[in-house]
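S.K.: For the protein sequence lines, the chains are A and B, in the order given.
Heads up, the first sequence is in the working numbering, so the first residue is 287 and it goes up one at a time.
Heads up, the second sequence is in the working numbering, so the first residue is -1 and it goes up one at a time.
What the hints contain is simulated information worked out from the structure, not anything from laboratory work.
Take these hints with a grain of salt, some might be off.
List of simulated lysine to aspartate or glutamate pairs, DMTMM-like, C-alpha gap at most 20 angstroms [claimed, not checked]:
{"#": "1", "chain 1": "B", "residue 1": "Lys40", "chain 2": "A", "residue 2": "Asp371"}
{"#": "2", "chain 1": "A", "residue 1": "Lys299", "chain 2": "A", "residue 2": "Glu387"}
{"#": "3", "chain 1": "B", "residue 1": "Lys40", "chain 2": "A", "residue 2": "Glu338"}
{"#": "4", "chain 1": "B", "residue 1": "Lys54", "chain 2": "B", "residue 2": "Asp81"}
{"#": "5", "chain 1": "B", "residue 1": "Lys40", "chain 2": "B", "residue 2": "Asp76"}
{"#": "6", "chain 1": "B", "residue 1": "Lys65", "chain 2": "B", "residue 2": "Glu55"}
{"#": "7", "chain 1": "B", "residue 1": "Lys54", "chain 2": "A", "residue 2": "Glu387"}
{"#": "8", "chain 1": "B", "residue 1": "Lys54", "chain 2": "B", "residue 2": "Glu43"}
{"#": "9", "chain 1": "B", "residue 1": "Lys108", "chain 2": "B", "residue 2": "Asp76"}
{"#": "10", "chain 1": "B", "residue 1": "Lys40", "chain 2": "A", "residue 2": "Glu287"}
{"#": "11", "chain 1": "B", "residue 1": "Lys104", "chain 2": "B", "residue 2": "Asp81"}
{"#": "12", "chain 1": "A", "residue 1": "Lys299", "chain 2": "A", "residue 2": "Glu361"}
Over 12 angstroms on every C-beta distance to chain A, these chain B residues come out as not near it, computed from the model [stated by the list, open to error]:
{"#": "13", "residue": "Pro12"}
{"#": "14", "residue": "Ile16"}
{"#": "15", "residue": "Asn20"}
{"#": "16", "residue": "Leu63"}
{"#": "17", "residue": "Lys104"}
Since the model is a prediction, treat every value here as computed from it, not as a measurement.
Just so it is clear, CB atoms sit at the ideal spot from N, CA and C, and this is done for glycine as well.
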Amino acid sequence: ETGVTQSPTHLIKTRGQQVTLRCSSQSGHNTVSWYQQALGQGPQFIFQYYREEENGRGNFPPRFSGLQFPNYSSELNVNALELDDSALYLCASSLGDRSYEQYFGPGTRLTVT
Amino acid sequence: QKEVEQNSGPLSVPEGAIASLNCTYSDRGSQSFFWYRQYSGKSPELIMFIYSNGDKEDGRFTAQLNKASQYVSLLIRDSQPSDSATYLCAVNTGSNYQLIWGAGTKLIIKP
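Construct the entire structure; sequences and hints are all you get.
M.R.: Laid out in C-alpha cells, this is it:
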C-alpha cells in the first residue's frame, strides 16, 4: 500500500455531465500528479499540482481542471463528459516538484455512457 | 513527439527463468527512467528507477540503462507466477516534471 487514496472507486456518468474525483496524497508528499489510463495503454499525464499551484499540464483540454488543498489532497474535475473520457484515472503523489518517484493511488474507474 | 516504446507482448517465461523486458526512448535528453508493475485492474507500482548508465540491482530485479543506445531494460531473475503482470516503462526528459510512458509489456510466468 502506498498511502495514496482515491475516491470514488468506480463511477458511471452520462455524456455531458460533470465529475469530480478526489485524491489524498501520501503523508509528507506535497505534489500530486493526475493521469488518465485507457485500456491497454500507458498512463497519460493530465497535470501536476505542487504546493497548491498547477505545475504543468499535458495535452488535455481546459474542461479538465484541478485543485490542490493546503493539506495537499487534490481534486480532478471534468466538465462536459465525452465517451472517450471513459478510463482509469490515477493520481500519484511525490515529494517535491522535481521528484519523479511517484506513488500511485488505486485509481477511479470512470465510465461515460 | 517524445516517445517510449515497449513490445506489448505477451512475453511468456517459464517459472524460475530470467524475464527480460525492454524499452526504447526517443529523446536523448532523457535523464530518469522508471519501471512500474501493474496487475490487471490495479494501479502501477514503482519497482525500480535508474539515472546512470549501467546496471542497478534490487533483489531479483536488475535495471540496465544504455543512454548511447537509448535503451533501458528490466531483468527479473527466478521468475515467479506472481510476477505475471504488465510492466510499464516511464521516462523523464529532465526539461520538466512530466513522465512519458510506454504502453507496457504483458509478462506471463508459466508454472
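S.K.: Indicate, hint by hint, whether the structure satisfies it.
M.R.: Consistency of the hints with the structure:
{"no.": "1", "hint": "B:Lys40 / A:Asp371", "in the structure": "holds (19 angstroms)"}
{"no.": "2", "hint": "A:Lys299 / A:Glu387", "in the structure": "violated (32 angstroms)"}
{"no.": "3", "hint": "B:Lys40 / A:Glu338", "in the structure": "violated (27 angstroms)"}
{"no.": "4", "hint": "B:Lys54 / B:Asp81", "in the structure": "holds (19 angstroms)"}
{"no.": "5", "hint": "B:Lys40 / B:Asp76", "in the structure": "violated (24 angstroms)"}
{"no.": "6", "hint": "B:Lys65 / B:Glu55", "in the structure": "holds (18 angstroms)"}
{"no.": "7", "hint": "B:Lys54 / A:Glu387", "in the structure": "holds (16 angstroms)"}
{"no.": "8", "hint": "B:Lys54 / B:Glu43", "in the structure": "holds (18 angstroms)"}
{"no.": "9", "hint": "B:Lys108 / B:Asp76", "in the structure": "holds (12 angstroms)"}
{"no.": "10", "hint": "B:Lys40 / A:Glu287", "in the structure": "holds (12 angstroms)"}
{"no.": "11", "hint": "B:Lys104 / B:Asp81", "in the structure": "holds (10 angstroms)"}
{"no.": "12", "hint": "A:Lys299 / A:Glu361", "in the structure": "holds (17 angstroms)"}
{"no.": "13", "hint": "Pro12", "in the structure": "holds (25 angstroms)"}
{"no.": "14", "hint": "Ile16", "in the structure": "holds (24 angstroms)"}
{"no.": "15", "hint": "Asn20", "in the structure": "holds (15 angstroms)"}
{"no.": "16", "hint": "Leu63", "in the structure": "holds (14 angstroms)"}
{"no.": "17", "hint": "Lys104", "in the structure": "violated (9 angstroms)"}
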